[in-house]
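Engineer: Residue numbers (this note's numbering), protein chains in the order written: chain A, 1 to 293; chain B, 1001 to 1251; chain C, 2001 to 2286.
Everything labelled a hint here was simulated from the structure, so no lab data went into it.
Any given hint could be a false lead.
Stated by the list, open to error - Ranges of calculated distance between the beta carbons of each label pair, as one might list FRET restraints:
no.: 1; chain 1: A; residue 1: PRO110; chain 2: B; residue 2: MET1206; range: 50 to 56 angstroms
no.: 2; chain 1: B; residue 1: GLY1040; chain 2: A; residue 2: LEU34; range: 53 to 59 angstroms
no.: 3; chain 1: B; residue 1: PRO1058; chain 2: A; residue 2: LEU34; range: 34 to 40 angstroms
no.: 4; chain 1: B; residue 1: ASP1079; chain 2: C; residue 2: ASN2095; range: 22 to 28 angstroms
Claimed, not checked - With a straight-line cut-off of 25 angstroms between C-alpha atoms, the simulated SDA-like cross-links for lysine to any residue are:
no.: 5; chain 1: A; residue 1: LYS12; chain 2: C; residue 2: ALA2103
no.: 6; chain 1: A; residue 1: LYS109; chain 2: C; residue 2: ARG2201
no.: 7; chain 1: A; residue 1: LYS109; chain 2: A; residue 2: ASN279
no.: 8; chain 1: B; residue 1: LYS1093; chain 2: C; residue 2: GLU2155
A virtual CB, placed ideally from N, CA and C, is assigned to each residue, including glycine.
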Amino acid sequence: MQKRHFIDRAIKWLFFGAAATSVLVLLGIFGMLLFNGVKAFAHISLAEFFFTSNWNPSAYGEPSYGILAMLASTFLVTLGAMLLAVPLGVGAATYLAQVATEKTRLILKPVIELLAAIPSVVVGFIGIVMVGPFIARVFGLSNGLTALNGAILLAVMSLPTIITVAEDAIRSVPNSFKEASYSLGANQWTTLIKVVLPAAYSGIIAAIILGMGRAIGETMTVLMATGNALAMPRGFFDPVRTMTATIAIELGEVPYGTTHYYSLFAVGALLFLISLVVNLLAENLAGRYRYKL
Amino acid sequence: MKTKLAVRDLHLHYGTKEVLKGINLDIPENNIVALIGPSGCGKSTLLRAMNRMHDLNPEAKVKGKILLDDDDIYAPGKDVVAVRRKIGMVFQKPNPFPKSIFDNIAYGLKIAGENDKHKLHAIVERTLRSSYLWEEVKDDLDKSALSLSGGQQQRLCIARAVAVQPEVLLMDEPCSALDPISTAKIEALMLELKKEYTIVIVTHNMQQAQRVADLTAFMYFGEVIEFAPTRQLFDAPQMELTANYLNGNFG
Amino acid sequence: MRQNSLQQRLGLNTLRFFVLLVLLFLGIILWEVFSKGSGVINSGFLFDYPRKGMTLGGIFPTIMGTIFVTLVTTIFAIPMGIATAIYLSEYANDNTVNRLIRASIRNLAGVPSIIYGLFGVAVFVQGMGLGSSVLSSGLTLGLLTLPYIITTTEEALKNVPHSYREGALALGATKWEAIWTNVLPSAVSGIVTGSILGLSRAAGETAPILFTGVAFYLRYLPASVSDSFMAMPYHLYILSTQHHAIEEVRPLAYGTALVLLSLVFVLNIIAFIIRYRYRNFNKARI
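Using the sequences and the hints, build the whole thing.
Structural biologist: And the structure:
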């Protein structure tokens, strides 16, 4: 009898320990990034880091550490991805949630989940062998590995996130809203546009933000498919190098413990903070859309 | 008559809401006691307090005592597992586990450490016989308990509770989901079981209370209004509230 | 009125078109990889080492490396994830500590994979001195997969009827006995589904292993968890961007993509089948 109780209590604490690890890991990630990232600023001024655009840490003699160009690159690629993915994703989510029959929905949902399962390195590969050359041909560029290429690929990758979360939000709009609209003589389309989508507004925004988070943090796809040019991008037809790609390219070659090494953690810390803000924002919005019936 | 279970000034709060307001009740050994009253009067809450099921809900706060053979089940440091072994419970909806019929009956014995196959078989057979289920399921002991009909499932749940040989059996509207024939079988079973056990039953069905209960308590808004021998409570209620309820004036 | 119905037809068809476009993306990716990759798939490709500076031969060590590292991930992430999910679903009440735990898990799910890579380098490779190894990579991928396994397992546990717990407790089971004998068996297919999906993600990830253990080319399979390894996703990355004769090895890259994609899809389909069966089983139970 005593043994059973001991096991019961021991297991509770054991499992609590496992759960607490998640907190430790999150704090650990942040602490590690901060701890290593801060060391970079012993030799780099904050102003140089945040407000100049020349990133050339391995330059002989006078290395430079400005992240503005890669920040702009990340922003540009993400913006492009969202311009494509938001209408497509929200449209598809609306269709799945309100127009499609239950049977169609049950078939389509796992198929869309399959899209999410494609490894990012495969998407990047498709960007190299297919989408990139296609862009080069259509727009007459010498090289298709551009911000546009990255934007298209990231759009495809963030679609499953946007569709799944937005569909959930749109489906949770109470039927009584729709019925009220129908009873006033509105047709299905008007009801969707004027009643259902506005009612699911904050959930849809949460979906978009989460999709954006996915795009900002994606590494392999942009590393492979956007050309990795360090200059400040002037538009979608320029090759770009995002924050994630910079870390991926340089961390492998940089000697441990140098300013260059620490500067990559500083970039990582910034990236982490961005993704944290994105998550908290989405969570805050998503919590609001559920209608209590 | 010896008092088996005694409720002493029992208060129960859900958050800030007081659901039981000082309950006192003496439940005599080898009797069937029915708790009746309108929905939300606290009768199920009281029943669940009797084997500390509210421990699962952090919102619920219990004050007062429930004495099993003069021993407070809410005493600090009391082993709640041991309490529940002595005070079994049958729920409103039949809840057989998704296991075989045999494993359902043997569940309580196995977790208590009984592993002797022959002994388990003997107890399972005896228990199923005593709940009149043996003839119906003796060839299907390895079949899933979920394949039984609703009435059979509930008798199985009663048998499962009886198999660990508790002293008190709590039943929370055990027939509310069943047809009249199954209900009759369970009532017959209860009358048989009271020879060995003390039974407390929550019921919405006045006829059922009159058919099976020796004593009946009428509850209203978290209080016991009247507690008397069943015949007396139904034929000559002392309180006006009780009379009104029995006449169908509310509830 | 007529204008309205025209608008409706146009609108709904646009939505339909959008869905088709999304499906088309999936179709194009699959078609491109399968049509151009299937030509190089044969037993030599699957069971040979790369030869002649990776311009010939197969991808055997990359397959084995991916399997090996995913196994380490499994051993770490699944017990850890299930334990956390059980704690959250069965033990945790709503207090500050537990809310903090939940918030951490939700935020971990959104941390970019390259950040996990940085964490792996700083903590496992350097900090703990595990070096560039299967173990470092496996643990890094484990952390990445953890939020996913926790979320899906908790979902599966929440779907187990409350009466199974109460019934067991009423028979004198301790809380853990109720969970072990009654709750977990009913949730097992949901847990397995979630775990498989989590692992399929881990198997396809590149960024977290980039600096924690994966190698460009090795002549031997890793003999222990402290060796470095080759992996399919990284191999595909190398063949398509870092190789000295990129055009020449393109067929091999397609083949690698095909094998990787097949592995991931097979895992997803298995998970889908388990979930589908489970759903039907649940329906039968009610």
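Engineer: Does each hint fit the structure? Answer for all of them.
Structural biologist: Structure-based check of each hint:
Between PRO110 of chain A and MET1206 of chain B the beta carbon distance is about 52 angstroms. The supplied range of 50 to 56 angstroms therefore holds. Checked against the hint of 53 to 59 angstroms, the C-beta distance between GLY1040 of chain B and LEU34 of chain A comes to roughly 55 angstroms, which is consistent with it. Evaluation of the 34 to 40 angstroms hint for PRO1058 of chain B and LEU34 of chain A yields a pass: the beta carbon distance comes to about 36 angstroms. At roughly 25 angstroms, the beta carbons of ASP1079 of chain B and ASN2095 of chain C sit within the given window of 22 to 28 angstroms.
For the given pair, LYS12 of chain A sits about 20 angstroms from ALA2103 of chain C by alpha-carbon distance, which is consistent with the 25 angstroms threshold. Restraint check for LYS109 of chain A and ARG2201 of chain C: the C-alpha separation of about 18 angstroms stays at or below 25 angstroms, so the hint holds. About 24 angstroms separates the Cα atoms of LYS109 of chain A and ASN279 of chain A, which keeps this hinted pair within 25 angstroms; it holds. Proximity of LYS1093 of chain B to GLU2155 of chain C is assessed by CA-CA distance (about 24 angstroms); at most 25 angstroms being required, the pair is judged to hold.
The structure is consistent with each of the numbered hints, conforming to all of them.
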